[in-house]
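Visitor: Next come the chains, spelled out residue by residue.
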Amino acid sequence: MRVGLFVPCYVDQFYPGAAIATLQLLEKLGVDVVYPKNQTCCGQPMANSGYEHLTGGCNKLFIENFQGYDYIVSPSGSCVLHIREHLHDDKQPELAKQVAHQVWELTSFLTDVLKVESLPSRFPHKVGVHQSCHGQRGLHLSSMTELVAPDFSKPGSLLNMVKDLELVELDRKDECCGFGGTFCVVEEAVSSKMGKDRVADHLKQGAEYITGADMSCLMHMEGILKRQGSNVKVLHIAEILNSEG
Amino acid sequence: MEVATKNHAELADIFNKDEDRVDWHDETLWWIRAKRDKSVHQLPEWEALREAASNIKFNVLSNLDIYLAQFEAAAKANGITVHWAADAQEHNEIVHGLLKEAKVTQMVKSKSMLTEECHLNDYLATHGIEVIDSDLGERIVQLAGEAPSHIVLPCIHKKKEEIGDLFHMYLGTPSNMSDPQFLTETARGSLRETFLTRKVALTGVNFAIAETGEFVVCTNEGNADMGAHLADVHIACMGIEKLIPNRDHLGVFLRLLTRSATGQPITTYSSHFKKPREGQEMHIVLVDNGRSVQLGREDFRNSLKCIRCGACMNTCPVYRRSGGHSYHTAVAGPIGSILAPNLDMRKYADLPFASTLCGSCSNVCPVKIDIHDQLYKWRQVLVKEGYTPKAKTVAMHVMATTLGSSTLYHAAGKMGRLTIKYAPFAVNNKLNPWYKNRDMPEAPKESFGEWYAKNRKK
Ligand code: SF4
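Residue numbers (UniProt numbering), protein chains in the order written: chain A, 1 to 245; chain B, 1 to 458.
In isolation and in its complexed conformation, chain A is listed as follows:
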């Protein structure tokens, strides 16, 4: 099985640790992973701002870089959702469709494709999970409080395989953190307030770390934690699953 590693632009630039952990974790699980080095961005920042018509360059690059792999795996639910829903190329529509269908978010890849049932990791801390909306509601990584359906969580069950890790329960299980891409600057007031409230829920439950399957939401909450001078840290779920503590 050959897997192309898709590292979203802001993870590449600001959170290389999340990408390194993703790579190492996949390698540990016996997967042949390659990082196509000319990749940039999935195009979501433009598309969500209403400029989907400007994403042609990103789409073309994405297809160039990622065609030919069995799977494409990424540590970011929202970029994966964007590719799955919007990747297109008028010159080669079939290829674009095929590539879009091969993209997987890391925790669902581990759960549904690799069918991981145990992990050699240890993380002796209290951890709060942030269910990012695009991963949760868009990619169905976990059950949603609004729907009448059975309870499940792919990130949650993976974290439960980690030795000595204690998950905390939040008052609001799946409330949005308010990042929302350009929303975080266009609607600064509401976005910050949402982030503060989300962080407060984790702090109230005594979390030492906040984790999740989407670094962008974590970046938002980290910005707020740091501003508040908090000791609580954010870590991408790959970093916890990969840790040997």
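Derived from the structure by calculation, the hints contain no laboratory data.
Careful, some of the hints might be misleading.
Chain B regions said to be covered by chain A (calculated; three or more residues, Cβ under 8 Å) [to be verified]:
(1) 14-22
(2) 34-46
(3) 313-319
(4) 355-365
(5) 387-399
(6) 403-413
Reference listing, derived: stretches of chain A covered by chain B, where coverage requires no fewer than 3 residues with Cβ under 8 Å from a Cβ of chain B [said to hold, decoys possible]:
(7) 3-11
(8) 25-38
(9) 52-65
(10) 137-144
(11) 224-235
From the three backbone atoms N, C-alpha and C, an ideal C-beta is built for every residue, glycine too.
For this one, chain A is given, so just place chain B with the ligand on it according to the hints.
Guide: Frame of chain A, contents of chain B with the ligand only:
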């Protein structure tokens, strides 16, 4: 009104100046959403009900002309006078005409978001007609000189102390009274007087049944019945999308409506009106006001399925923290943000952007409207039609060029990291909206790409 000149972000910023109020607003609405969750989880068939409702409405929208004609014929046969209004202006004129015919200058009205959409109260006021809103929440905002901030809970933005002050000012209650029981009794007393003296009553319509030509009005206070039963003339106003084909379908919607809205199993009063009683006149005004245009927009057609339960507002994390008035349109929240640009793209170009696209709205919607997908689609339309600030368009072009090229991307990335590292003041300043309440991420010494090149020689 000043409100209309500011956009959602600016209005929400003002609302957020008082953080305690934001917390209180958020928690009140969250409590209602939690009640909704609890009550829907009691029905194992909940998702099937949503699916059924969505399909029934889909059928209605696909055959709207047929159902409207069927409804008109049946309603006429029942003795109801049917009027058609192409837009808000025509609607207001029709209502005004009926009031003139009845020779009255006062009217009692129960809740109708359609009349808010058409600004009926203002219109009638300029023609010397006094309207008293009989829904308690609407009466409160009316006394305050404000518009409703929520379609089901019109005065959800007001604390009970503020309501006490309003009643003290307008209804003569002692000052500093905030006991909800006392305030409700006072309002009731004053409204009773209104009900007894008004000859014309206007109500909204929740569901109109094509098969039988009857309509159903849902209220928790029974105020629609009080008004309609005591008046000589009953005027009901409805958007043309409120139709359902048969009586049988009603059960599906009545089960969904109030569970979604407030978590109650059913509305306290679901009143059926079929024909005027002896000596009474009954009129129904069927209003288009942009609905047939929206019906013609394939991507946004589904928004007409809306049964106005308000669940999408209660669940919306942005609505809860920005208040209904920040949407500067009659129907606030996620659904309002996809309905409003249909009426006026320029005026409401900001609304589809007032969302994180979290998708919770689509999940609670009892008729399964793809709300967050439509918000995304409106953004594309509004940008293409040129309703975005120039600066944003320029920035997006730069971004698209940079991200569309691997070489440019790597150069820019390095520069960005260097800027953060060696000149944090260049980004950590007041002009950067991110920095107002959040710190920037720390710049790592190398990107993942650089690390990979060193550590994995493939
Ligand atoms: S869009 Fe759906 S959830 Fe929102 S008010 Fe309409 S029916 Fe209710």
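Visitor: Of all the hints given earlier, name the ones this structure violates by number, lowest first.
Guide: none
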